[in-house]
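There are 2 protein chains.
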Amino acid sequence: MKVAVGSPGTWSGLLLRTGQCAFAGTSIGVMVSTLGFSNYTAFCYLIASMGLQVLWSFGLACLDAYALKIKRDLHNPVLVSLFVVGDWVTATLSLAAACSSAGVIVLFARDVHFCTTIPHFSCGRFEISIVFAFVTWLLISMSSLVTFWLLASI
Amino acid sequence: MKVAVGSPGTWSGLLLRTGQCAFAGTSIGVMVSTLGFSNYTAFCYLIASMGLQVLWSFGLACLDAYALKIKRDLHNPVLVSLFVVGDWVTATLSLAAACSSAGVIVLFARDVHFCTTIPHFSCGRFEISIVFAFVTWLLISMSSLVTFWLLASI
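Going down the list, the sequences are from chains A and B.
The opening position of the first sequence corresponds to residue 1 in the numbering used here, with each subsequent residue numbered one higher.
The opening position of the second sequence corresponds to residue 1 in the numbering used here, with each subsequent residue numbered one higher.
Hints in this document: simulated from the structure, not taken from any laboratory.
Quick reminder that beta carbons are idealized off the backbone N, C-alpha and C, glycines included.
One should not assume that every hint holds.
To be verified - Covered by chain A, per the in silico footprint, the following chain B stretches (three or more residues, Cβ under 8 Å):
| id | region |
| --- | --- |
| 1 | 35-49 |
| 2 | 58-70 |
| 3 | 103-115 |
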């Protein structure tokens with residue numbers, strides 16, 4: 001099995017996982033600090049999905065750090081299969097959450113013009129949280145592609 | 001390169017592509033026949049994305065049929081790379097369209113109760129179209145995984 005950039009147990013892999021945690025955490029932070037988010041199912045789902053992403057990426061970041069510390073190779077078929085399944089599930093859920101929230105915010109901004117007609121409606125903060133969720137998805141999709149590539153090239 | 005179920009130039013591949021075309025076409029048909037869909041950006045985006053999916057899957061279905069007829073092997077690295085890129089792009093766009101429309105319909109059904117309070121609002125038809133879009137995404141994601149696996153196992 002080749003060692004690819006971003007693969008488990010490497011510095012680039014650790015960096016990717018840390019980035020996923022940071023962006024998902026920021027997305028949650030911005031969303032929960034916005035008044036009225038809990039009235040919308042899509043925004044609650046975004047928080048749940050980003051929460052799962054933080055847990056998964058934090059766990060794998062710890063594993064990467066441990067593997068780097070004890071110089072252990074994580075490119076084992078069983079472990080890589082586990083990473084592939086987890087990465088694909090969390091990546092799909094993250095994209096679904098980001099897109100469903102984006103669908104709702106586009107409805108508010110363009111279709112019913114809530115963002116301009118209701119001044120206390122925090123469209124900007126919702127949009128920032130969704131952008132962070134999309135960045136998280138980009139990073140987790142990179143990890144997913146790398147782990148799937150690793151598994152396929154056994 | 002191994003011949004996997006659903007790979008380009010096989011009967012199972014042709015069946016998958018035909019299924020993608022059929023479900024994407026039905027999703028478009030149900031959506032455009034529903035009154036008021038054009039007032040919502042997410043539903044228009046669903047039609048655009050499913051339209052792209054129909055074009056892509058129809059093109060590949062024709063290629064599969066041609067390859068089966070003349071018994072030509074399509075497992076060529078350049079062709080498979082092209083299939084991988086096209087499949088991944090259309091799969092991501094299909095999931096994004098289905099999820100953004102699902103976000104909007106969940107808002108209408110659960111958060112603002114449009115489906116019960118406004119009798120002429122065709123929630124059911126929108127939901128059917130979205131379900132067909134999700135089925136299309138499932139089928140195109142299968143094709144994507146198979147082509148990516150083929151490319152990685154060169």
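So, going through the hints one by one against the coordinates:
Counting residues of the region 35-49 of chain B whose C-beta sits closer than 8 Å to any C-beta of chain A gives 4, which meets the bar of three, so the coverage hint holds. Residue count for the region 58-70 of chain B with a Cβ under 8 Å from a Cβ of chain A: 0. That is fewer than the three needed, and the coverage hint is violated. Note: the region 103-115 of chain B has 6 residues with beta-carbon separation from chain A under 8 Å; the three-residue rule is met and the coverage holds.
When held up to the earlier numbered hints, the structure conflicts with hint 2 and nothing else.
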